[in-house]
Amino acid sequence: MTAVQNATTSSAGVAPEEDRGRTVGKISLARLTWVELRKLADTRAGLWLLIVIGLAAAGTAAILLGAAPDEEQTYQGFLSFGLAPATVLLPVLGILSMTSEWSQRTALTTFTLTPARGRVVAAKLIAAVLIALAATAAAALLSAGANLIALGTGGDGSWHLTADQAGRLLLNQVLFVLMGAGFGALLMSPALAIVLYFALPTAWSALGQMVKRLNDAAGWLDLNVTSLPLSEPAMSSGQWARLGVSCAVWVMLPLVAGTVRVLRREVS
Amino acid sequence: MITVEHLSKRYGSHPAVDDVSFTCEPGTVTGFLGPNGAGKSTTMRMICGLTPPTSGTATVDGRPYRHLANPGRRIGVLLDASAQHSGRTGREVLTLAALTMGVDRRRVGESLERVGLNKTAARRRVKAYSLGMRQRLGLAYALLGDPGVLILDEPANGLDPEGIFWMRGLLRDFADRGGTVLLSSHLLREVEAVADRLVVIGGGRVVAQGDKAELLAASGTVVKALDMPALEAALRRHGLTGTAAAGGGVVVQAGAEAIGRAAAGDGIVLLELRPADSGGLEQMFLSLTAGDSVKEAVR
Chain A
1 MTAVQNATTS
11 SAGVAPEEDR
21 GRTVGKISLA
31 RLTWVELRKL
41 ADTRAGLWLL
51 IVIGLAAAGT
61 AAILLGAAPD
71 EEQTYQGFLS
81 FGLAPATVLL
91 PVLGILSMTS
101 EWSQRTALTT
111 FTLTPARGRV
121 VAAKLIAAVL
131 IALAATAAAA
141 LLSAGANLIA
151 LGTGGDGSWH
161 LTADQAGRLL
171 LNQVLFVLMG
181 AGFGALLMSP
191 ALAIVLYFAL
201 PTAWSALGQM
211 VKRLNDAAGW
221 LDLNVTSLPL
231 SEPAMSSGQW
241 ARLGVSCAVW
251 VMLPLVAGTV
261 RVLRREVS
Chain B
269 MITVEHLSKR
279 YGSHPAVDDV
289 SFTCEPGTVT
299 GFLGPNGAGK
309 STTMRMICGL
319 TPPTSGTATV
329 DGRPYRHLAN
339 PGRRIGVLLD
349 ASAQHSGRTG
359 REVLTLAALT
369 MGVDRRRVGE
379 SLERVGLNKT
389 AARRRVKAYS
399 LGMRQRLGLA
409 YALLGDPGVL
419 ILDEPANGLD
429 PEGIFWMRGL
439 LRDFADRGGT
449 VLLSSHLLRE
459 VEAVADRLVV
469 IGGGRVVAQG
479 DKAELLAASG
489 TVVKALDMPA
499 LEAALRRHGL
509 TGTAAAGGGV
519 VVQAGAEAIG
529 RAAAGDGIVL
539 LELRPADSGG
549 LEQMFLSLTA
559 GDSVKEAVR
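Protein chains in written order, with the working numbering: chain A, 1 to 268; chain B, 269 to 567.
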């Protein structure tokens with residue numbers, strides 16, 4: 001095989017003296033986070049997921065420019081619509097970040113280099129939040145470009161967007177990517193986690209609408225419904241409460257249970 | 269330095285590892301021998317903090333693995349060469365490790381070079397690697413942090429004879445510079461060529477351990493006679509037991525003199541009477557572990 005060349009033993013430059021006086025510090029969380037960010041994009045699956053999110057965001061802007069009524073062509077309109085692909089697809093990245101350690105068996109090397117598994121989980125969650133932040137920032141830039149075009153083609157082109165609105169759009173991204181990470185950590189299998197991530201909330205929504213007795217509960221526990229106000233111009237305290245309750249169930253619960261499972265699972 | 273003390277792991281009622289103790293000193297290569305399913309990998313995973321032991325302790329340089337701040341800089345681990353993301357390139361796998369350990373990224377190229385993976389191979393995704401190339405990548409990964417201790421589980425699997433010879437040289441060199449090596453295998457001959465010490469495990473228990481030379485010396489005498497049934501009868505009468513050896517002889521756990529006298533007493537013509545050396549160790553290895561591999565096959 002041409003890929004394997006002869007290597008001489010003399011080039012084995014190891015210097016394993018017992019005490020080399022090297023100060024070996026603890027691996028910082030920042031370093032681990034940087035590694036996890038890199039892992040999100042260094043495989044074909046991860047890279048293409050990011051590319052598709054970008055292309056889809058550009059696509060939504062084009063659709064709005066071409067088909068939406070002029071008065072809907074505002075910065076806020078472009079942004080909330082442009083973030084939709086990321087809301088759907090970024091959680092898949094969160095799922096893969098957690099599950100690929102097990103499906104690709106890299107947990108063995110990851111946890112040998114970093115035995116404190118909780119720090120690896122924390123780094124993955126921070127990386128997921130950062131990628132949501134980056135996606136939102138990219139969508140904000142893209143929407144600004146689209147809005148400029150809208151101004152030129154006779155659209156409304158209003159730049160009105162409050163900090164409150166921007167913050168809620170960002171929160172929406174963060175919540176769903178964390179929910180994906182939680183499902184991934186808990187289920188540990190990419191296929192199972194992706195299917196259940198999309199199927200369970202949808203099934204619960206359908207059930208909530210069909211079964212009368214569940215109607216009330218669905219109003220509090222259906223994240224698909226309670227997260228809708230995040231993209232609207234304003235949000236009431238009652239809506240915040242409902243969002244909080246449904247997040248506890250769909251985001252916090254899988255994250256906590258998933259972390260416990262990752263900490264306990266035997267690596268082989 | 270690796271210290272393993274009374275390490276045990278039970279899965280339900282099945283003891284995978286049962287009260288295993290041994291130490292690996294700096295400057296030595298310790299061969300960890302046993303048939304498949306004997307508990308080698310489980311022991312190694314427990315040393316590396318990946319599997320919690322049921323009881324007992326294991327330390328690296330005096331500390332439990334999980335308490336090492338940046339373990340990759342102290343101990344290089346290769347437990348399974350296939351456990352790498354198939355979609356990453358060889359270079360990317362090492363780059364991630366270098367970033368995690370805080371090692372200069374220039375070392376990635378040097379490490380790849382050292383294990384004989386050239387630039388073309390480094391750019392390829394791990395999914396396209398042969399098992400031999402994965403072992404080389406795994407060895408580069410283990411050596412990347414410039415550790416003083418190496419733990420390698422069946423590293424010769426998938427390597428060609430030239431590769432096995434090269435790896436022996438690398439490990440010998442590593443130990444001669446003061447490094448500690450723990451190397452597992454289910455093939456005695458593979459380990460015999462490089463190890464200073466041997467730990468033989470069967471059915472989760474240590475069945476023999478010590479210096480290779482001592483174990484070889486204690487491994488009995490090969491004796492072959494013109495009339496084998498007569499020899500076996502004579503040995504039995506003198507309370508000496510033997511196991512059949514390759515080549516038609518018998519390996520007896522006794523000195524040459526005792527055997528020679530027993531044979532001479534019956535006027536038996538001997539064709540061979542010599543220390544068993546590695547052949548005897550292999551016999552011991554097989555006899556000590558045979559029952560367990562049969563059990564494994566049934567399980």
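Among the hints, a few may not be true.
Quick look at which bits of chain B chain A covers, simulated, 3 or more residues with Cβ under 8 angstroms [to be verified]:
| # | stretch |
| --- | --- |
| 1 | 313-327 |
| 2 | 343-350 |
| 3 | 465-478 |
Simulated from the structure, these hints should not be mistaken for lab results.
Keep in mind the model is a prediction, meaning the values are calculated, not measured.
Backbone N, C-alpha and C define an ideal beta-carbon position, used for all residues, glycine too.
Okay, the hints, checked on the actual structure:
no., hint, verdict
1, 313-327, "holds (count 6)"
2, 343-350, "holds (count 4)"
3, 465-478, "violated (count 0)"
Hint compliance for this structure: hint 3 alone is broken.
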